[in-house]
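Asks: Each chain, letter by letter, is given below.
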Amino acid sequence: MKRMEPGLLFRNLLIEIVIYSFLIFGYYLLVLRWLDDWLMVIFNTNLVYYAIVGLSMIFIQAVLLDFVTSYLMKFIKTDQFGIRRILDVFSDR
Amino acid sequence: MYFPIADVTVSPVLLMSVGFLVGILGGFFGVGGGFLAGPMMFWTGVPMNFVVGTDLAHMTGKSLVAARRHRALGHVDLKLGLYMVLGTVVGVEIGARIIEALQETGTIELTVGITYIVILVFISGFTAWESIRAIQMVRTDQIGVNEAVGFKGLAKRIQAVNIPPMVSFPVSGIECISIWMVLGVGFFTGLLAGSLGVGGGFIRMPMLVYVLGIPTHVAVGTDLFEIVFSSAYGTITHAIKGNVDILMALVMQTGAAIGAQIGANATRFFAGPRIRLAFSVLPLLGAIMVIVRLVGGSMGH
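Chains as they are written, first to last, in our numbering: chain A, 708 to 800; chain B, 1129 to 1429.
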């Protein structure tokens, strides 16, 4: 694989991070910021239920984000630029 | 953003950034990253009683993302991980009870702190020495970079122990090993993690490589697989005590998910000795954190 200039590599990494950031910001606005009241009610009424619901939400979000980030990495073709290229500079393979 | 459960206002961007940074380290080195995330959360203003529990909750999700990525890369030995979980859980429980018993003596904080520092400095020094030796072996002996381990004696002896039942771990390339050795390593790392408070990943990853003879990439992935269980267990126990802000953990996890993907994918481009050499810095950072805590006295268990 042809190696790129470090400046260009970091610029591409920055582009990738910005795309991720926009998506996560949208997710935060649409989902996360509306959960506080609901979670507070559960927290104050039943801590065992809160623990189970909380851990379930962590697992569900982890799986969803894994799908989203995996898809994005393929979609923006990180194998051809950005993170992949930066790793290639430092790689010992 | 105001987090009503922890009763604190913290910038979500800051939390996501902490998650992102810890996610990269966790995905690449197979550690939970509590040694770094904990102090950073405390620094952002999160109350101390919420730091540990919330960090464990975010660690569960981050480790799940990283473990799934490592699994896709063939770096997770599920069978080994499940055996290790059994030993670790027992070790953590006994370690926690030992600490409870020792707390009556009064000097437990200092004793545990100094023990932890000695262990971490030893792991750091040993891993650095071994990985440099392995890199030199690759250069001089013309051996494959992935097979290069500068210290194989202990793993060979452990694998030669013949106490039934014997098991095999094809993913890790181990044809035959006593189940008691695997459970013993899980128990020992759990005992240290349970009694010292944090640092399971710091200790488990090197032990998988040097004691059981697991390839570095598989050790990283399997360690993350185990962290999913141990941190989930910790999340439940802390949440029942009211010490977890799930919303904060979810916000941190959004950054950590991306970081964990990058960290896990990055392991594809580095051979075992390089990963171990870079890893050797982490226990040293952990030791510095403990020294700061002991000197400052502001960040107890």
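Honestly, the hints are just simulated from the structure, not real lab data. Possibly wrong hints are sitting among the right ones.
Unchecked claim - Simulated restraints on C-beta separations:
#, chain 1, residue 1, chain 2, residue 2, range
1, B, R1225, A, F774, 37 to 43 Å
2, A, F729, B, I1416, 53 to 59 Å
3, B, W1257, A, F774, 53 to 59 Å
4, B, P1175, A, I759, 39 to 45 Å
5, B, R1225, A, I759, 24 to 30 Å
6, B, A1229, A, L730, 46 to 52 Å
7, B, W1171, A, V738, 22 to 28 Å
8, B, W1257, A, W745, 51 to 57 Å
9, A, W745, B, I1260, 35 to 41 Å
What the hints assert, rightly or not - Here are a few chain B residues that sit away from chain A, every Cβ distance over 10 Å (derived from the structure):
#, residue
10, P1293
11, G1370
12, V1372
13, L1422
Even for Gly, the Cβ is constructed at its ideal location relative to N, Cα and C.
Asks: Now look at each hint and say whether the structure bears it out.
Replies: Going down the list of hints, with the structure as the test:
1. R1225(B) x F774(A): 37 to 43 Å: Given a distance of about 40 Å, which is inside 37 to 43 Å, the answer is holds.
2. F729(A) x I1416(B): 53 to 59 Å: Since the Cβ atoms of F729(A) and I1416(B) sit about 36 Å apart, the hinted range of 53 to 59 Å is violated.
3. W1257(B) x F774(A): 53 to 59 Å: At roughly 41 Å between Cβ atoms, F774(A) and W1257(B) fall outside 53 to 59 Å, so the hint is violated.
4. P1175(B) x I759(A): 39 to 45 Å: violated (23 Å)
5. R1225(B) x I759(A): 24 to 30 Å: holds (25 Å)
6. A1229(B) x L730(A): 46 to 52 Å: Check passed, 49 Å falls within 46 to 52 Å.
7. W1171(B) x V738(A): 22 to 28 Å: With Cβ atoms ~27 Å apart, the hint holds.
8. W1257(B) x W745(A): 51 to 57 Å: holds (52 Å)
9. W745(A) x I1260(B): 35 to 41 Å: violated (53 Å)
10. P1293: holds (32 Å)
11. G1370: violated (6 Å)
12. V1372: Non-interface label fails for V1372(B): nearest chain A Cβ at 6 Å, not farther than 10 Å.
13. L1422: holds (31 Å)
Hints 2, 3, 4, 9, 11 and 12 from the list above are not met by this structure, while the remaining hints are.
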